[in-house]
Amino acid sequence: MTEPTYTLHFEAEECHKDNVELVGGKNASLGELMDAGESVQVPPGFAVTTDFYEAFLEEEDLTDFITDRLADVDYSDDNAVAAASDDIRDHIENAQFPSFLEAALEDAWEQLQADDPSDDLQVAVRSSATAEDLPDASFAGQQDTYLNVRDFEEVKERTKMCMASLFTARAITYREEHGFDHDEVLISVGIQKMVEARTSGVMFTVNPANGDRSKVRIESNWGLGEAVVSGTVTPDSFLVDKPVYKIVDRDIKEKNIMTAPTDAGTEEIPVDDDRRDVPSLTADEIVELTDIAKMVERHYSAPQDIEWAIEENGDDKRFYVLQSRPETTWNKEKEAKSDEQQSKPSSGSQSTADRILDCL
Amino acid sequence: MGTEEKVSTEAEERSEVRERFPFAGELELPDELEGWEEMYPEYFQFELSEDRAEYERDRFWFWDKKDTTEPLMPWDMTISAQAWQIAMAQNTSRVFAIPPSMSVDIRVVAGYAYFSGIKVEDEELLKERSQIFKERSEYYYDNYDALYNGVWLPAVKDIGTEIRSLEVPDQLPEYVPGAVITEGKGQSDQTVDVIRSYNRLTELALEGWQRHFEFLYLAYLAYMQFTETSRQLFPDISDDAIGKMVSAVEADVFRPDQELNRLAEKALELGGDVPEILTSDRTPEEKIETLRNDEQGREFMDLFDEVKDPWFYMTYGDGFHSYKGSWIEDLEAPFDHLESKIDRLESGEELGRDFDKLQAERDEVVDEYRRYLGPDEREEFDHAYETCMTVYEYAENHQFWIENWLHTIIFGKMREFGQFLVNHDLLDDPEDVFLFNRFEVAELLEEACESWALGKGAFVSSRWKDRAADRREVFEAAKEWDPSPALGEPPEEVTDPLMQMLWGITTEKVNNWLNIESETGDETVLEGFGSSSGQVEGRARVVENSENIDDLEEGEILVAPLTNPAWAPVFPRAEGAVTDDGGITSHAAIVCREYGLPAVTGTGHATSLIETGDKVRLDGETGEVEILEKAA
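Protein chains in written order, with full-length UniProt numbering: chain B, 1 to 360; chain U, 1 to 632.
Worth flagging that the hints you see were computed from the coordinates, not collected in a lab. Be a bit skeptical, because a hint or two may be false.
Negatives, chain U to chain B, calculated, CB over 12 Å [said to hold, decoys possible]:
| hint | residue |
| --- | --- |
| 1 | LYS134 |
| 2 | LEU233 |
| 3 | ASP240 |
| 4 | GLU346 |
Covered stretches of chain B, as calculated for chain U (at least 3 residues, CB under 8 Å) [as the list claims (entries may be wrong)]:
| hint | stretch |
| --- | --- |
| 5 | 37-51 |
| 6 | 246-258 |
| 7 | 274-283 |
| 8 | 352-360 |
A quick note: this is a predicted structure, and the numbers were derived from the prediction, not measured. Ideal placement from N, C-alpha and C gives every residue a C-beta, glycine not left out.
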């Protein structure tokens with residue numbers, strides 16, 4: 001048996017897409033993105049691994065406790081499930097990390113602090129699920145995010161809370177209904193430097209309107225990306241020709257609302273009057289984002305849906321990729337189209353004159 | 001008439017202007033232009049008869065600012081509009097039978113040309129023409145290289161060579177040579193030769209213009225099918241991106257600039273007094289003389305003599321205006337360019353385009369587009385691209401070989417006839433020969449022969465000289481005149497792709513003209529074609545014509561009605577270019593892409609809104625030009 005790995009920095013070689021069972025999907029994809037290219041920067045951070053989680057439960061006798069506690073529950077009774085959930089989560093949150101795990105966590109944390117030039121490292125702590133076949137919304141815990149975490153005590157607490165979120169009432173019920181063993185479901189936690197986004201948003205490495213793969217559609221708003229991702233605001237939108245970086249379409253919206261961080265998470269606040277009608281990206285930034293989109297897409301060899309943010313402190317400007325997933329709509333469409341085309345004679349056999357006649 | 005009434009009439013007039021342009025018959029020409037009609041052949045004139053006026057009022061005519069930014073002199077009309085009309089029209093209608101087009105009809109107002117496209121709408125005829133077009137164009141595309149390099153280029157060179165060899169005596173001799181008697185010739189060769197040479201010259205000019213159009217539409221159509229294929233595969237692709245994919249073409253039109261680079265490098269390599277002589281204040285003729293008397297200078301002149309024909313046969317202007325002259329006749333421009341190139345070399349700059357780099361960049365862009373395609377799509381894309389790249393060089397090359405090289409030879413030969421007529425006292429200035437049209441010059445030469453034949457002391461009419469003086473005045477007035485951008489009612493939509501690509505005529509632009517006609521022009525933002533990408537801000541330099549191109553200073557933004565190949569050497573000095581006319585395949589667009597400068601073409605009226613010294617911003621992406629600050 002190999003030595004357990006308790007923490008793993010995103011840039012580590014092992015933090016990649018084939019190692020989801022150790023670091024969870026989110027951390028794996030962040031690690032993967034680190035390899036996508038020079039200009040693709042991911043906010044630094046590390047994974048608290050499933051090895052860590054397992055060792056924690058084992059050492060603190062929580063494994064047996066959970067198994068026993070769940071064995072008695074009447075799953076048809078929502079109150080009973082809720083009580084079990086509260087009980088288990090309390091146990092996890094009140095337990096202490098054994099000293100060797102705490103030391104591993106502290107090492108990783110100190111290294112992250114040491115690498116941060118600002119002296120005021122703030123991190124987001126979020127869970128990184130290992131079970132990919134669980135739908136996002138129903139798998140409670142996956143969305144747990146604690147922002148603005150700045151000291152080690154809080155890191156520990158929030159890490160435990162993420163781990164405990166594996167046992168929300170909904171998660172327990174879901175697993176019961178779908179026949180997953182509770183003791184085989186694991187969780188990893190990501191500790192990642194917070195991005196103080198001036199502007200953020202999403203980009204699709206294909207024009208979502210017509211499937212044109214030579215385009216990237218960039219959507220952006222002031223502040224954090226959640227307002228854009230969730231669709232509560234209509235963001236600025238830019239369509240860029242990837243090979244020549246030409247902006248072929250731009251649509252600057254009136255941006256009334258933006259997402260700002262709070263200690264408990266995020267909130268939506270009004271945008272200052274003088275910034276509402278101003279483009280949230282400059283032409284140079286659009287070019288840089290296009291480059292990033294191209295690198296990420298090339299890394300995955302498929303169209304991507306990317307979350308990004310720009311942090312700006314004085315002259316220091318940083319572009320971060322926060323997440324990337326395959327863009328599915330046009331991938332499917334394309335497959336369907338090529339099936340359809342196979343039954344038709346290839347248009348490649350048309351002569352030049354025929355082509356010209358077609359367009360006259 | 002009450003004030004109120006007057007105001008409402010003016011308002012009505014204005015609102016009418018917004019809907020359509022004046023008809024030719026409604027144009028109000030200045031008095032000084034009176035008599036312009038007699039200078040140009042009748043068949044180019046508007047509203048000659050009632051039925052013709054009716055036909056013309058039904059059509060939309062646009063001013064061909066591309067070729068007649070300035071009026072054409074009567075004789076120049078011979079090789080441009082006249083030769084041009086037949087060659088252009090028969091190529092579309094009877095040679096390639098381009099299905100929807102019967103070319104353009106041409107009219108002339110005071111030396112300015114107006115075009116009107118003729119569309120084929122009859123379904124049966126379209127079908128018939130499609131078949132012919134298919135067979136004929138396919139043959140050309142498949143055999144382009146052999147036809148162009150093997151036939152076309154030698155044929156054009158032969159035409160030039162034959163024109164040069166045409167004998168034009170300074171003057172007819174006092175008595176014909178004795179050989180007329182001893183060899184029993186029975187004729188005075190001299191008069192026959194003058195007439196024969198002139199007839200041959202006009203024949204050869206027409207022939208050259210037949211060649212001009214041989215591949216031209218094929219080149220533009222290949223470009224168009226590549227554009228259409230690209231748009232199908234990449235629905236939002238920009239014109240600029242397509243332009244980038246067809247850039248870095250090794251066209252002859254860039255050779256004059258390259259040869260100047262070679263000469264500048266040679267000058268520095270030779271060293272000695274050569275660079276100093278070339279950058280001195282001397283005239284070109286003095287420089288040449290000094291160089292020929294210098295050892296290294298002679299070596300420099302060897303190279304100069306080797307490259308000057310054909311590469312310095314560049315006309316000042318667009319090639320259609322004899323009065324603008326050419327490099328080879330007036331070496332001011334090439335020597336100015338040489339001087340600044342030597343300065344740049346001495347300050348450690350590199351000259352010219354890094355061609356390999358340009359090609360590598362272009363190939364990278366093409367590869368990237370290809371990467372986004374499936375196998376079938378890629379095959380389609382590659383086919384369209386290869387066809388386009390095979391023939392696209394022609395779009396620029398014909399300009400060098402016909403409009404520059406051949407025209408310079410033709411105009412040069414005409415000056416010999418001009419001198420002959422001066423020597424026979426029919427004209428005061430050899431240049432005056434261009435004030436008469438093709439048929440009139442034949443008359444003039446016959447009259448010269450006739451009065452010579454009558455012998456010493458025969459009556460020589462002064463009417464040609466008088467007429468030349470009158471015409472000179474009319475012509476100068478025509479230069480000052482500002483023609484209407486179009487005539488008649490604009491179509492709801494301008495759909496002709498060639499009109500858009502070559503002349504930059506779009507629905508939007510036509511509407512824009514209408515608005516300019518009706519507004520005062522306080523606007524600070526102009527819209528055109530984003531023809532070469534990049535953004536730049538800087539001081540404008542308005543260059544109305546070729547004589548002033550050398551005023552352009554390092555770092556300025558060139559603002560011009562249009563640009564032409566003779567301007568290529570000054571482009572590296574500019575930060576960007578804005579033109580009134582021309583689309584995405586216009587000369588300015590192509591050259592700016594080659595030099596990596598942002599360009600906005602076809603703004604309609606940049607040269608009238610922008611003044612030298614204004615601070616402007618141009619965006620080669622959006623096609624927008626903004627005047628940020630007026631010159632003090």
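Hints, verified against the model:
With a closest Cβ-Cβ approach of about 4 Å to chain B, LYS134/U is found to fall inside the 12 Å limit, against its non-interface label. In this structure LEU233/U is not separated from chain B by more than 12 Å, as the shortest Cβ-Cβ distance comes to only about 8 Å. The beta carbon of ASP240/U is not kept farther than 12 Å from every beta carbon of chain B, the shortest such distance being approximately 5 Å. Under the 12 Å C-beta cut-off, the non-interface status given to GLU346/U relative to chain B holds; the minimum distance is some 34 Å.
Here the stretch 37-51 of chain B counts 0 residues with a CB under 8 Å from a CB of chain U, which misses the bar of 3, and the coverage is violated. For the stretch 246-258 of chain B, the assignment as covered by chain U holds, since 4 residues bring a beta-carbon within under 8 Å of that chain's beta-carbons and 3 suffice. Counting residues of the stretch 274-283 of chain B whose CB lies closer than 8 Å to any CB of chain U gives 1, which falls below the minimum of 3, so the coverage claim is violated. Counting residues of the stretch 352-360 of chain B whose CB lies closer than 8 Å to any CB of chain U gives 9, which reaches the minimum of 3, so the coverage claim holds.
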